[in-house]
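Protein chains in written order, with our numbering: chain A, 23 to 394; chain B, 5 to 232.
Any given hint could turn out to be false.
Said to hold, decoys possible - Listed next, the in silico BS3-like pairs over lysine-lysine satisfying Cα-Cα at most 30 Å (straight line):
no.: 1; chain 1: A; residue 1: Lys143; chain 2: A; residue 2: Lys163
no.: 2; chain 1: B; residue 1: Lys120; chain 2: A; residue 2: Lys163
no.: 3; chain 1: A; residue 1: Lys143; chain 2: B; residue 2: Lys43
no.: 4; chain 1: A; residue 1: Lys101; chain 2: A; residue 2: Lys158
no.: 5; chain 1: B; residue 1: Lys120; chain 2: A; residue 2: Lys158
no.: 6; chain 1: A; residue 1: Lys217; chain 2: A; residue 2: Lys158
no.: 7; chain 1: A; residue 1: Lys158; chain 2: A; residue 2: Lys143
no.: 8; chain 1: B; residue 1: Lys43; chain 2: B; residue 2: Lys120
no.: 9; chain 1: A; residue 1: Lys217; chain 2: B; residue 2: Lys43
no.: 10; chain 1: A; residue 1: Lys163; chain 2: A; residue 2: Lys101
no.: 11; chain 1: A; residue 1: Lys101; chain 2: A; residue 2: Lys143
no.: 12; chain 1: A; residue 1: Lys217; chain 2: A; residue 2: Lys339
To be verified - Reference listing, derived: stretches of chain A covered by chain B, where coverage requires no fewer than 3 residues with Cβ under 8 Å from a Cβ of chain B:
no.: 13; segment: 175–187
no.: 14; segment: 204–210
Stated by the list, open to error - Negatives, chain A to chain B, calculated, CB over 12 Å:
no.: 15; residue: Ala79
no.: 16; residue: Ala106
no.: 17; residue: Gln108
no.: 18; residue: Arg110
no.: 19; residue: Leu119
no.: 20; residue: His124
no.: 21; residue: Leu135
no.: 22; residue: Arg155
no.: 23; residue: Lys217
no.: 24; residue: Ala292
no.: 25; residue: Val311
These are computed hints drawn from the structure, not numbers from a lab. Just so it is clear, CB atoms sit at the ideal spot from N, CA and C, and this is done for glycine as well.
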Amino acid sequence: MGREMTSRALAARVQKSFSGDAAQRFLLDLDVEVSPGITILFGPSGAGKSTLLDCIAGLTQPDAGRIAIDGEALFDSDKNVNVAPQSRRVAYVFQTLALFPHMTVESNVAYGLPDGPDTTKDARLAEILQMFRVEKLRGRKPREISGGEKQRVALARSLVTLPRVLLLDEPLTGLDAGLKASIIDDLRAWNAVHKIPILYVTHSREEVDALGERVIALDHGEIVSEGTPREVLDAPRRRRLAQAAGFENLLSGTVLDLREPDGVMRVRLADATCEIEVPLGHAAPGDQVRIAIRAGDILLATEAPRALSARNVLEGKIISLERRGTLVAARVDCGAIFTVHVTPGAERTLELAAEKKVWLVLKTHSCHFVEG
Amino acid sequence: MNIEALLLSIRLALCVSAILFVIGVPLGYWLAYSRWRWKFLLEAVVALPLVLPPTVLGFYMLLAMGPRGPLGKLWQAAFGHGLAFTFAGLVIASVLYSLPFAVQPLIASFETVDRKLLDASAVLGAGRMRTFLRVILPLSVPGIVTALVLSFAHTLGEFGVVLMVGGNLAGITRTVSIDIYDRVQSLDYASAGRTALLLLVISFAVLSAVYGINRRAFRRAWLPWAAK
């Protein structure tokens, strides 16, 4: 593809189809290159993220393609190359972690080290246990340690073998943000020395924001966008991805007209009289389009706002209010139904309640045009 | 009470259990993990002794072990004597007869080992043998114990197959179950009763000891992990 091969990079071109009935037929067809450092593989469940990791690790065989590290093929359908998983030196931390339940933490971590007298073995083991702060747990069994500790042990077990690539399949699911951050810091510290490509799978938008590195967004087995978290999350081009990326409002509508000098177009929302102005997209008047708007990007007012820069002010009525942790999700009927997030404080001061008349304010550039 | 017959039965059961362990572990592993499309045929063959009357199995074994049977000829060529009505012949027949009792618990316990653990082992660089010895086998201890005990107990209690291929030679093929039958036939109920009671006590003691141990092993190795 005329791409220059970065040294120590992982390159994977993978095609794989799953037979099944027509509705479930699923095709993985993509071409990725992962440089040293953390790359996030992001997408809704069923997008093919775990299948891609399985192919790279050798646990699943692609129908066609080529997977290589530093230019050395692990799988090549043209040349009949298919290196066994145990010979790939690709580390893989599963979502379930898969710690060996009958072994101590120390035996788990030492599992991948070669048998036999090796003076460096003990040193490597001690170093990695310390690096991931689990040396005090050496003698414990997996069932005797906490979730965060298990995750640290799983990482140490994978990295002590000095792999060439690390695959992480939602390894930090269920941990609170602080614990997650401290584990990620330790992982970064390890990788500052070893500089291997790390492919980190998640469907959590928060994790993408927190890790803040290169993101590859996957949907239906294809790459839908690539770039920084902002670029990928803020410009969704696919509906499912928009939902995954936390766009609570996904509205269909019809393009009324294009105002090219202003860089906007007017869209009438389906089954509603309300019109909104959105950034210009590849569409023509009369086209059916979808507009994605984050619930947190919508302002809510209890009096008709005047003299605003925002172009879209919609009048409506609150249908319901629901407390979700530290925010309140309000469902508002403006002809089309919107979800709006406000703080509990705002709910009190504005005396929000069902049936109350409100106005929604949408900045033009908070309305994202979604293809298909 | 015939101590000689009892000791012979125990010796037979021990031999059979040991041989079944050696055959059953690789066979069970293969049956648990192979994706061969005709695997079900072998599964059916392994399970056959469960449904065949012991006399049918014994009849075919007797034919195979006889001087003109394939097994008998082979044995004659190798050791200079026939196979039928010998202790060795009895061991071979009993191994076949108890095969499902060893293999099925092994398959069941190999299959319950979480596949993700096997994947984890592979990506950590372990080949199949290492994965088997360090992950599958230790996690299958309850299944292995069950297989050994069932082989032992089933062999100890077998009757029809022994009668068909072993005959009734004192000290060679007269097992405790045959001995009890003999005593009843000669109306020596008192002696038959003592031997029967002894066999009952031994069987119960062995089984309860093993289930007791197994229960603890089960708790230790399995439950916390399953409840994770």
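Original post:
Does A/Lys101 pair with A/Lys143 here, judged by a C-alpha cut-off of 30 Å?
Top reply: Violated: A/Lys101 and A/Lys143 sit about 36 Å apart, past 30 Å.
**OP:** Please work out if A/Lys158 and A/Lys143 have their alpha carbons no farther apart than 30 Å.
**Re:** holds (18 Å)
Original post:
Going straight from one Cα to the other, do A/Lys217 and A/Lys339 come out at no more than 30 Å?
Top reply: Since the Cα atoms of A/Lys217 and A/Lys339 sit roughly 54 Å apart, the hinted pair is violated (cutoff 30 Å).
Subject >> A/Leu119 remote from chain B - nearest C-beta pair above 12 Å >> reply: Answer for A/Leu119: violated, closest chain B Cβ roughly 8 Å.
Original post:
Beyond 12 Å from every Cβ of chain B: is that where the Cβ of A/Leu135 lies?
Top reply: It is violated; A/Leu135 is separated from chain B by about 9 Å at its closest Cβ, not greater than 12 Å.
**OP:** Check the non-interface label on A/Ala292: least C-beta distance to chain B beyond 12 Å or not.
**Re:** holds (45 Å)
Original post:
Within 30 Å, alpha carbon to alpha carbon, are A/Lys143 and B/Lys43?
Top reply: violated (42 Å)
**OP:** Verify the proposed pairing of A/Lys163 with A/Lys101, using a straight-line Cα cut of 30 Å.
**Re:** violated (44 Å)
**OP:** Examine each Cβ of chain B, and state whether all of them lie more than 12 Å from the Cβ of A/His124.
**Re:** Contrary to the label, A/His124 does not stay out of reach of chain B, its closest Cβ about 5 Å off (not over 12 Å).
Original post:
Is the Cβ of A/Gln108 more than 12 Å away from each Cβ in chain B?
Top reply: violated (5 Å)
**OP:** Below or equal to 30 Å on CA atoms is what counts here, so check A/Lys217 against A/Lys158.
**Re:** Cα-Cα ~27 Å, so holds.
**OP:** Quick one: work out the minimum CB distance from A/Ala79 to chain B and report holds if it exceeds 12 Å, violated otherwise.
**Re:** violated (5 Å)
Comparing the model with each earlier hint shows violations of hints 3, 4, 9, 10, 11, 12, 14, 15, 16, 17, 18, 19, 20, 21; every other hint is respected.
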